[in-house]
Amino acid sequence: MAEGDPGRVVEAVWRMESARIVGALARMVHDVGVAEELAQDAVLLALEQWPRTGVPDNPGGWLMLTAKHRAIDLVRRNTRYAQKLAEAGRDAEDRVRSAEDEVNEALDDPIGDDVLRLLFVACHPVLPAEGRLALTLRLLGGLTTREIARAFLVPEPTVGQRISRAKRTLTEHRVPIELPPPAELPARLASVLEVVYLIFNEGYSATGGDDWMRPSLCEEALRLGRVLAGLMPDEPEVQGLVALMEIQASRIGARTGPGGEPVLLLDQDRSLWDRLLIRRGLEALARAEALGTLGPYGLQAAIAACHARAVVAEDTDWERIAALYRVLAHVAPSPVVELNRAVAVGLAYGPARGLEIVDALLDERALRDYPQFPAVRGDLLARLGRHDEAREEFRRAAALTRNEREQALFLARAAAQETC
Amino acid sequence: MRYLITLKATKQPATPPPADLMEAIAKLGEEAAKAGAMLDNGGLAPSSEGARVALAEGRIGVTDGPFTEAKELVSYVIYQVRSKEEAVEWVSRFLRLHRDHWAGWEGEADVLRVFGPEDFGPPA
Chain A
1 MAEGDPGRVV
11 EAVWRMESAR
21 IVGALARMVH
31 DVGVAEELAQ
41 DAVLLALEQW
51 PRTGVPDNPG
61 GWLMLTAKHR
71 AIDLVRRNTR
81 YAQKLAEAGR
91 DAEDRVRSAE
101 DEVNEALDDP
111 IGDDVLRLLF
121 VACHPVLPAE
131 GRLALTLRLL
141 GGLTTREIAR
151 AFLVPEPTVG
161 QRISRAKRTL
171 TEHRVPIELP
181 PPAELPARLA
191 SVLEVVYLIF
201 NEGYSATGGD
211 DWMRPSLCEE
221 ALRLGRVLAG
231 LMPDEPEVQG
241 LVALMEIQAS
251 RIGARTGPGG
261 EPVLLLDQDR
271 SLWDRLLIRR
281 GLEALARAEA
291 LGTLGPYGLQ
301 AAIAACHARA
311 VVAEDTDWER
321 IAALYRVLAH
331 VAPSPVVELN
341 RAVAVGLAYG
351 PARGLEIVDA
361 LLDERALRDY
371 PQFPAVRGDL
381 LARLGRHDEA
391 REEFRRAAAL
401 TRNEREQALF
411 LARAAAQETC
Chain B
1 MRYLITLKAT
11 KQPATPPPAD
21 LMEAIAKLGE
31 EAAKAGAMLD
41 NGGLAPSSEG
51 ARVALAEGRI
61 GVTDGPFTEA
71 KELVSYVIYQ
81 VRSKEEAVEW
91 VSRFLRLHRD
101 HWAGWEGEAD
111 VLRVFGPEDF
121 GPPA
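These protein sequence lines are chains A and B, in that order. Each residue of the first sequence is one higher than the last, beginning at 1 in full-length UniProt numbering. Each residue of the second sequence is one higher than the last, beginning at 1 in full-length UniProt numbering.
Derived from the structure by calculation, the hints contain no laboratory data.
The calculated label-pair distances, taken between Cβ atoms and stated as ranges, are:
| hint | chain 1 | residue 1 | chain 2 | residue 2 | range |
| --- | --- | --- | --- | --- | --- |
| 1 | A | GLU314 | B | LYS27 | 40 to 48 Å |
| 2 | B | GLY104 | A | ALA129 | 54 to 62 Å |
| 3 | B | ALA56 | A | GLU130 | 54 to 62 Å |
| 4 | B | PRO18 | A | GLU319 | 50 to 58 Å |
| 5 | B | GLY42 | A | ALA310 | 22 to 30 Å |
| 6 | B | ARG99 | A | GLU283 | 29 to 37 Å |
Some, not all, of what chain B presents toward chain A, calculated at C-beta under 8 Å:
| hint | residue |
| --- | --- |
| 7 | GLY36 |
| 8 | LEU39 |
| 9 | ASP40 |
| 10 | GLN80 |
| 11 | GLU89 |
| 12 | PRO117 |
The beta carbon of each residue, even a glycine, is placed where N, CA and C say it ideally should be.
Take these sequences, add in the hints, and give me the full structure.
In structure tokens, the structure reads:
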């Protein structure tokens with residue numbers, strides 16, 4: 001990039017390359033916090049120099065090389081210190097040399113297992129979920145503390161604390177910068193996928209405020225998912241999660257009406273669905289299916305695909321969806337899955353069958369404060385002509401949701417029961 | 001943000017694209033896909049195989065290619081990135097490969113943002 005505002009170029013290149021740079025440095029200095037500081041130093045140098053010298057021909061390579069030199073300096077300094085302590089000179093020189101080899105190797109690694117390692121470290125189970133989220137967005141997304149705070153509607157210092165605490169925890173627990181051993185991989189991968197999907201969902205249906213969605217978080221999660229799929233192409237659940245997110249994201253443009261109000265799946269204008277994302281989602285689902293049995297994400301993607309394949313809502317294959325939910329309820333049982341199964345069964349085999357499933361969930365503590373539970377029950381009751389009961393359920397749903405737009409929708413549905 | 005990039009050739013050497021250019025392009029494409037940036041791409045056949053459909057003075061007219069411009073559209077790519085600068089950087093990498101591997105080739109790419117839901121949604 002020869003021209004352009006150097007500040008904005010630095011920002012863009014940092015976002016594109018930071019995970020790779022920090023990942024490579026972390027492998028060298030064995031500390032993600034230190035690695036990030038070294039990489040940030042390179043960014044500061046770029047901001048200082050590029051306005052004078054012009055943007056280099058290969059800005060990403062420049063940042064990587066500059067960061068590498070700083071890391072080697074640091075390793076050298078530390079080694080010299082260790083050398084004094086141990087008075088074992090030759091050994092120390094070897095260590096510098098092997099560190100340099102490691103960096104050169106990292107530079108030669110174009111796609112970046114370093115990124116994968118960094119992702120597994122940022123999503124390490126020793127960290128609380130919020131720490132994993134913040135650290136992942138920071139280290140893998142190159143987002144600033146302020147951007148993360150804005151996305152999650154929490155104060156900036158809170159995010160700063162979460163990130164620094166997470167880095168400290170990783171150092172204290174001496175979490176190695178390496179891929180988990182094969183025996184631990186499934187559990188650790190599950191944590192990575194969970195974090196990516198949490199980020200997606202935070203963007204897809206914002207839990208607070210009056211914004212229905214925060215699409216940039218969806219895009220970031222999709223990007224992370226695609227990166228992960230590129231780095232671990234043989235993991236069916238990675239493909240499954242990507243498929244799920246691509247298909248869900250394809251509906252973003254149809255999920256809000258002109259007034260910003262939410263539009264439910266079956267009421268959406270399907271011509272607004274993003275065909276490119278649907279195609280990508282169906283391809284990822286096909287890859288997941290080819291790799292073996294579908295896991296929870298793959299099954300959810302298969303359900304999403306049933307909707308994506310229906311040109312009009314009336315064409316939806318509800319029997320297939322109900323069957324997929326039954327499998328999902330088997331491999332990943334949860335009251336929410338059961339509730340969704342009730343919806344599908346209600347549409348495939350009539351509201352009475354759906355209501356049976358919902359009513360079996362009445363004592364579920366996990367659903368007590370879940371606005372979709374009364375909403376689904378209200379819908380089934382309304383279809384059975386039990387309008388007074390339905391109205392009560394929609395009012396309960398409105399009282400439970402924290403999303404103002406959704407609340408308005410539930411209140412409107414409650415009001416509609418009066419005229420029935 | 002989604003960007004549509006169209007690549008036009010303005011000066012084509014008589015020699016075909018060298019193998020190492022094609023290899024480098026494939027590698028860059030793989031990199032862009034693995035970085036989660038490239039959503040779609042494709043090469044475009046010469047306009048002699050295409051047609052132009054125009055509306056003028058109330059009439060729909062169809063003209064077969066080739067079109068008269070000196071520039072031929074040769075490919076397109078769709079990136080999903082976080083800023084225009086990121087899209088520009090990917091395209092710059094692509095053109096750098098042409099500069100380094102295919103002497104005499106000249107061309108230009110248009111980087112166009114595709115409207116997304118954010119452009120039609122309610123005010124934030």
